[in-house]
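Trainee: Given next are the chains, with one letter for each unit.
There are 4 protein chains.
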Amino acid sequence: MTSQKRSEARKEQILKAAEKVFAKNGFHEATISGVAREAGLSDATIYEYFSTKEELLFSIPRETTRRGMERMAGYLKAIRGAGNKIRTIIYHYLLFYQNDPDYASVVMLVLKSSRKFLETEAYQVIREGFRGILTVIQEGIDSNEFRPDTDPYLVRQMILGVMEHIVIRWLLLGKPKDLLQYADPITDMILGGIENRNPTQGWDLHIRLEPQGGVGGEAGPQVSKAKRKGSSRKKP
Amino acid sequence: MTSQKRSEARKEQILKAAEKVFAKNGFHEATISGVAREAGLSDATIYEYFSTKEELLFSIPRETTRRGMERMAGYLKAIRGAGNKIRTIIYHYLLFYQNDPDYASVVMLVLKSSRKFLETEAYQVIREGFRGILTVIQEGIDSNEFRPDTDPYLVRQMILGVMEHIVIRWLLLGKPKDLLQYADPITDMILGGIENRNPTQGWDLHIRLEPQGGVGGEAGPQVSKAKRKGSSRKKP
Amino acid sequence: MTSQKRSEARKEQILKAAEKVFAKNGFHEATISGVAREAGLSDATIYEYFSTKEELLFSIPRETTRRGMERMAGYLKAIRGAGNKIRTIIYHYLLFYQNDPDYASVVMLVLKSSRKFLETEAYQVIREGFRGILTVIQEGIDSNEFRPDTDPYLVRQMILGVMEHIVIRWLLLGKPKDLLQYADPITDMILGGIENRNPTQGWDLHIRLEPQGGVGGEAGPQVSKAKRKGSSRKKP
Amino acid sequence: MTSQKRSEARKEQILKAAEKVFAKNGFHEATISGVAREAGLSDATIYEYFSTKEELLFSIPRETTRRGMERMAGYLKAIRGAGNKIRTIIYHYLLFYQNDPDYASVVMLVLKSSRKFLETEAYQVIREGFRGILTVIQEGIDSNEFRPDTDPYLVRQMILGVMEHIVIRWLLLGKPKDLLQYADPITDMILGGIENRNPTQGWDLHIRLEPQGGVGGEAGPQVSKAKRKGSSRKKP
DNA sequence: CATGAATGAGAGTTCATTCAT
DNA sequence: GATGAATGAACTCTCATTCAT
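Protein chains in written order, with the working numbering: chain S, 1 to 236; chain G, 1 to 236; chain V, 1 to 236; chain Z, 1 to 236.
If you're looking for bench data, these hints aren't it; they were derived computationally from the structure. Bear in mind the structure is a predicted one, so any value in this text is a computation, not a measurement. No false leads were slipped in.
Calculated cross-link-like contacts (lysine to any residue; reagent style SDA-like; alpha-carbon spacing at most 25 Å):
1) Z:Lys-177 / V:Ser-113
2) V:Lys-20 / V:Arg-66
3) G:Lys-24 / S:Gln-124
4) Z:Lys-11 / Z:Phe-27
5) Z:Lys-112 / V:Ala-122
6) Z:Lys-11 / Z:Ser-114
7) V:Lys-11 / V:Asp-43
8) S:Lys-175 / G:Tyr-123
9) G:Lys-112 / S:Phe-58
Using C-beta positions, here's what the derived DEER-type ranges look like:
10) V:Lys-11 / S:Glu-8: 37 to 43 Å
11) S:Gly-174 / V:Lys-11: 44 to 50 Å
12) G:Ser-7 / S:Glu-70: 58 to 64 Å
13) G:Pro-101 / S:Leu-180: 31 to 37 Å
14) Z:Ser-42 / G:Glu-119: 30 to 36 Å
15) G:Arg-169 / S:Gly-174: 25 to 31 Å
Ideal placement from N, C-alpha and C gives every residue a C-beta, glycine not left out.
With these hints in hand, go ahead and build the complete structure from the sequences.
Mentor: See the structure below:
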């Protein structure tokens, strides 16, 4: 038990060191020696806990991701409304990375481009998180909060896309200083594109012009009126 | 003259080989020997044209980017309306990558995470292209096509973010098969979030003349009225 | 402790091998592989102890020179008289090289022509040794053992010059077989040029019997008297 | 004829360039490309005139040495007295190197440590020159100008040793600024060790033993007394 | 457990040299 | 005669990884 715990702690210590070193240098430019030095251990000790350099890399997101997901789930439990949930997701996603730039670097600059990482257990956890976003969106569609023709996959791609783009810019260029300032604007823009707009004022006027031999007893144009907060988007 | 040309051709040949090899293996896993083999040349010959492996990598986007930018500029010249221009940009951006997956791989998976690449001449060309997007957005704001509170930087980040995200997914997962299918949906969603939709005054009267087997058994012209701040969406 | 010692021993082992290999082939013609083979180690192990080939080369004289200097200092302590000290220096200098031809080769044929070596720590030790020669000469001047118009720098250059010349000839041509046979003649010649010869007591009476057509029209034996303090020149 | 001459000129041009480049970088650090660049030619052209890099190196001293020797021989022809000849040799030797530091560098720092160079035709010329020094010394011994117990080989080694030492110091350290300032001191010291020495102070006692039929009214030995601090040094 | 020490396996570079033009 | 282009052949150096202690 104690031994297990100590071992766990050592692993954590190595992972923290690895995170730092990989973040700074990337995977290939980083060395096991560097990680060992950072961890205050010997090279060989690293190999007591991780079988290869690559396994060490792929182990970094395992715990952190799981914890992040859990935390996110906790936040979401208290939130009502798909839009609000999305806002929360975006906010905490950015907050999460902002609070741990090393982790952000490893994930965004090292792992994200790795084919092998996709086959990793850790990535499956992330995938699940991503599926969660999908669920929220679908929830919003079902509850009529989002427009029924919303494509959940596309929306998710937009959400992830912008966030990744911003985080990477932040990592590489240091801009913007504060990631969180983008949380709301991004959310607004995303939601702006998908939220159902109930007509708060004005009317849609539909006039039906019937041919001379009219159907039923009705003749002349038919006018239908509907309060709307209209979006006139029509997919082909 | 001939010598200059042959040298240029050889360079191109090496770059093509490098593109292929780097795309397949990434930068570090790729070897000069591999590139040389692919190019049908000796290792040493590679070094006659590019001083280091890194220089070879960074040289890949130089010409291609320039040409891509030029072509894009050509397309845009014929387009009127900021929205249409954005649609064009997105479409051709995706088309461009779809037509050259190796190039896409190198740019998206190898170069995009490189701090050093940002200081490269080639990247400056790309930056300029990115600035162009900004200009188009601003143009849309100025012409009242886009909402006045549009943040051009944010919009650009959304555009680039989704596209990058989609291209990377395509590269790593092979999904979607056809990148272009996303061009319009993305554009619509982006524009949906920024196009002016507030009726500034009066009413738009839409009259739809339906064939006899009309909607809901109804026939005749349909008139729809919507308060609006006009959207000029035109599909190509 | 043990580890430190073993490491030191390994370093020594590598240095010995390097000395041998560099002596035989010179710096550039020698390879790390060759040194490793000679040392019975792998190439990589060499680099565990010396960061570059050049550092390995420059490390060769570090210890040896220090030890040589120390030993020399010990010998000199027991010697009285600047002339005797110089004799001792020359003798042991030659003895030192004769006993370690590989070392001699490295120093005389490889290091001596190296601009970079001059900026080396090891060279500073050598410089100090050279300064010591200067001190001895000055001592001889001060004690009136050497002529007061002696230029210590010049004398030192002569001493070093001949010795280097002889050692190099010995290395390249194998002549003379025994370096030490030159120790005394060299010393005598050097001292012959600088020792004070003021007669401290009595007179030397030189009588020259000239043929009839004598100097200055004079004929008959010529007697020359010179005050002297005998020179210790002993030709075999 | 013209073609032969042009070829000779080209060779000379390459040699000059090589001299410069080898002097600056040493043999191994220098490249054929560097020589070609310096000569304003292509690499391949170098190989039209010299079959290998090494042959190029060894060709440098061929002409120069021959010319130097010839000139030296010319100077010596006009000089009487072995001491004076040695002074001349030392002076012109230093002058020669001082006037062409690149050549000095190549000879002193590159060729002098080369075993292979010793088997070179060019070196044979140098050897002959060295033999000349020996001859002069022997001449001095025979003429009683030098002490009969002088070891010509040793003296030559001293002469060459100091000069080499000084020239190398000059090349590597830039000291002394003016090589020639050492010409006389060196000569004096060398000669000081081997010249037949007149009493330096005190009295010369000359006794003239006259034949029986004495000259004038004087009879018996004539003694002339002269205070002197004799140096038999004669500057040219 | 921890590690010092050792190394196998390569990779990137460099250049002297060749040869067709 | 001159050279642009190409390359074979090394060599230095780096590191992830292993293993005896």
